[in-house]
Amino acid sequence: MSLPIPTPSPLEPLIPGLPPLPLPVLPPPLNKLVEFIATPDFIKLAVDLGLKLLLFPGLTFIMLYAMLAVWAERKLHARIHLRIGPYHVGPILGLFQLVADGIKLLGKEIITPKEAHKLGYHLAPLLIMVLSMTFLAFIPYFPIGEGRYWTIYYTEYSLLVILALTSLKPFIMILAGWASNNKYTTMGAMRAAFQLLAYEVPLMLSAASVVMLAGSFDLAKIAEAQAGMWYIVPCFLGFIVFFVATMAEICRRPLDIITAEQEIVFGPWTEYTGMEYGLIMMAEYVDVAVASFLVTMLFLGGWHGPGLHPLAWVLIKMGVMSVFFMIGRSVWPRLRIDQLLDAGWRKLIPVSLIQVVIALLLVQALKVMPA
Amino acid sequence: MPVRVAWGIQHPMSGHLTLYLDVDGDYVINTEPDVGYTHRGLEKTAEYRHFIQFVPIIERACNFDASNFALGYARAVEALMGVEVPERAKYLRVIAAELSRIMSHLYAQALLSMTGGFETMTVWSANDRELILDLLEMLTGARVTHTYIVPGGVRADLPEGFKGRSEEVLSYLERRIWDYYKMLFQNKTFQDRTMGVGVLSREEAIELGVTGPNLRASGVDFDTRRDDPYAAYDKLDFNVVVFKEGDSYTRALVRFYEIAESIKIIRQALKDLPEGPVKCKVPPALPKGEVYTRVETGRGELGIYLVGAGGNRPYRLKISAPSFRNLMGLIHLCRDVPMGDIPVIYYSFDILLLDVDR
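As you go down the protein sequences, you meet chains E and X in turn. For the first sequence, position 93 (counting from the first letter as 1) is numbered 93 according to my numbering, and the numbering increases by one without interruption. For the second sequence, position 244 (counting from the first letter as 1) is numbered 615 according to my numbering, and the numbering increases by one without interruption.
Worth flagging that the hints you see were computed from the coordinates, not collected in a lab. As the structure is a computational prediction, the values presented were derived from the model and not from experiment. Glycine is no exception: its CB is placed at the ideal position from the N, C-alpha and C atoms. Be careful, since some hints might not be right.
To be verified - Facing chain E, according to a computed beta carbon distance under 10 angstroms, are these residues of chain X, among others:
1) Met-372
2) Arg-375
3) Ile-380
4) Gln-381
5) His-410
6) Thr-486
7) Gly-487
8) Asn-498
9) Leu-502
10) Met-554
11) Gln-557
12) Thr-560
13) Phe-561
14) Arg-564
Unchecked claim - Derived Cβ-Cβ restraints for the label pairs, each shown as a range:
15) E:Phe-324 x X:Tyr-552: 24 to 32 angstroms
16) X:Val-374 x E:Lys-104: 47 to 55 angstroms
17) X:Arg-375 x E:Val-357: 44 to 52 angstroms
18) X:Gly-512 x E:Pro-91: 36 to 44 angstroms
19) X:Val-611 x E:Val-323: 52 to 60 angstroms
20) E:Lys-114 x X:Arg-573: 24 to 32 angstroms
21) X:Tyr-552 x E:Gly-147: 55 to 63 angstroms
22) X:Met-509 x E:Ile-92: 31 to 39 angstroms
23) E:Lys-104 x X:Tyr-552: 50 to 58 angstroms
24) E:Lys-114 x X:Val-406: 53 to 61 angstroms
25) E:Leu-93 x X:Lys-415: 34 to 42 angstroms
26) X:Gly-396 x E:Ile-103: 53 to 61 angstroms
27) X:Val-611 x E:Ile-316: 41 to 49 angstroms
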């Protein structure tokens, strides 16, 4: 008995006069894919996705952002220290310091510890970078028409997807910490697990109040709902809780307990060298970008603002938020792990619950109020 | 099951001292220090040097607080010889020693803020320490190890313009330390990290032989400068800073107030500075006999036991180093504490391994 092999439908030649391309004959449903690749729709999709992946919010933007963010952080930090900061690399004021550091890291040897689990050890930095970049795919950046947004993957549940993905990060850290087979990395991995307990519930609860007000998990709808008033006004407590919980999630000082340098060297990432270390640092700054985008979309009115292009407003707001995420490092010392857990459970959760109640009352009041 | 972790040498915050920590989870059960990494045999070296040649060497026992160590050695040699140094030299010694103390305390504050990753205070303290170093360079010709105080007096008189410059620096520092107070000691997070951490009670402190600011933070009112006065300290008016709590925060606070006291002492010493020679002749050889003297350094009480045998070399020199005594307190406190408190307790004691090992 022979399987019925479908005969490919005759295709129009792409360029008239030439014989049609010899397309491979594949079983369904792959034959549909092959047919799709040959249509002009595919070219449109490829250009669209290519723009998004390579330009904004993809590689070019994130590289530029990381360069500027590292430079701005170092400069700001230095100014508070009464120092000058990076000065010599690049055209002005050491702007290309990160490029120089990156080239230096590329030239370094990638060392694998003798006792390490090779696969897990080399997988972890890649995974953390991939995870951080994945968040960027779900954020709608600005509207490009009625009901259409500039985003890589549009879904009704974008906020839910992002919040669910955040809980994956500690697992990668545990993988790195365990695979490195070092006492300090193991301690860092355990701290990552503890820190997850401290920030996850307040993060979800404070996001929940915004979701209740907007009536949607869709970041685009949440941002659209803030045309009249930014949610930072009714949800100020939620904003504070979300900010602190996000700070713990992306490991910015004073909540960088996982990688506490003075205690456990560099936490789960202690053993990494060369460009693997570069990837980890890069992922850290991508995380700052994602967190700033999220706060912008949830509390700061997204792309709404007078005069400028929506994209300009989004970038301005996320830039300001990034500075806020970075400045804590020069103003506060690091907390201890038990103090963070204490703050998470005994302070952040009650405050975010109060916020949820406020949001509920507001929603009910808006319902009964005459339009 | 506790795991033994080497918190030391190859660690961003450990300095030269290795602490072997028995860690259970994120909790330190037991601590064992591994001293000796910087042992240079200073005491034995003293037996092969002319007693004047040993002055720069003893400063290397604690190069963050050089003049106080040199003063301790000079006091022992002079006590053995029965030499009385000129009045002006005594006042100049006080100035050098107090500047050295400020330098040491600022560095301690810088390192303690570093333990929480609070780099702002680290850089501020270290920056202002530079001013003191410049002042010391003006006075002694060297920034860190001065070799200014020698048996028989001091090497040189006050340079021109020193009084004006020191007044500028001291009044700047006096304003500046209130910035420290607001930025560091009133910082809620710093208080959370240090208050109630590493509490050393009065009885424990006395029993373990802890000295200096660490002892005064535990409520023991003892300061060698006041209770066994040397140089010109008996003619100067200053307070001994004492607190009762005995935790890491208080140890830092004692140092903070001692900076203010040191500024006061330097001002008085410059004002009351008598005229006269700055050094006197000392005999070429150490007489037979033995002597034990002590001085208050930035890290605590430094005792020098000196035996002379008639030659120009000491027969035996024993340095009782303050950091070594404070290390006993550190080991006592680094038990059953969270891992995150280890660097805080360590740097709140202001222990320098150079001084422990000698």
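How the hints compare with the structure:
no., hint, in the structure
1, Met-372, "13 angstroms, violated"
2, Arg-375, "8 angstroms, holds"
3, Ile-380, "12 angstroms, violated"
4, Gln-381, "9 angstroms, holds"
5, His-410, "26 angstroms, violated"
6, Thr-486, "5 angstroms, holds"
7, Gly-487, "3 angstroms, holds"
8, Asn-498, "6 angstroms, holds"
9, Leu-502, "12 angstroms, violated"
10, Met-554, "9 angstroms, holds"
11, Gln-557, "12 angstroms, violated"
12, Thr-560, "4 angstroms, holds"
13, Phe-561, "5 angstroms, holds"
14, Arg-564, "6 angstroms, holds"
15, E:Phe-324 x X:Tyr-552: 24 to 32 angstroms, "26 angstroms, holds"
16, X:Val-374 x E:Lys-104: 47 to 55 angstroms, "34 angstroms, violated"
17, X:Arg-375 x E:Val-357: 44 to 52 angstroms, "50 angstroms, holds"
18, X:Gly-512 x E:Pro-91: 36 to 44 angstroms, "43 angstroms, holds"
19, X:Val-611 x E:Val-323: 52 to 60 angstroms, "45 angstroms, violated"
20, E:Lys-114 x X:Arg-573: 24 to 32 angstroms, "50 angstroms, violated"
21, X:Tyr-552 x E:Gly-147: 55 to 63 angstroms, "57 angstroms, holds"
22, X:Met-509 x E:Ile-92: 31 to 39 angstroms, "37 angstroms, holds"
23, E:Lys-104 x X:Tyr-552: 50 to 58 angstroms, "40 angstroms, violated"
24, E:Lys-114 x X:Val-406: 53 to 61 angstroms, "30 angstroms, violated"
25, E:Leu-93 x X:Lys-415: 34 to 42 angstroms, "53 angstroms, violated"
26, X:Gly-396 x E:Ile-103: 53 to 61 angstroms, "40 angstroms, violated"
27, X:Val-611 x E:Ile-316: 41 to 49 angstroms, "56 angstroms, violated"
The structure is inconsistent with the numbered hints 1, 3, 5, 9, 11, 16, 19, 20, 23, 24, 25, 26 and 27, although it conforms to all the rest.
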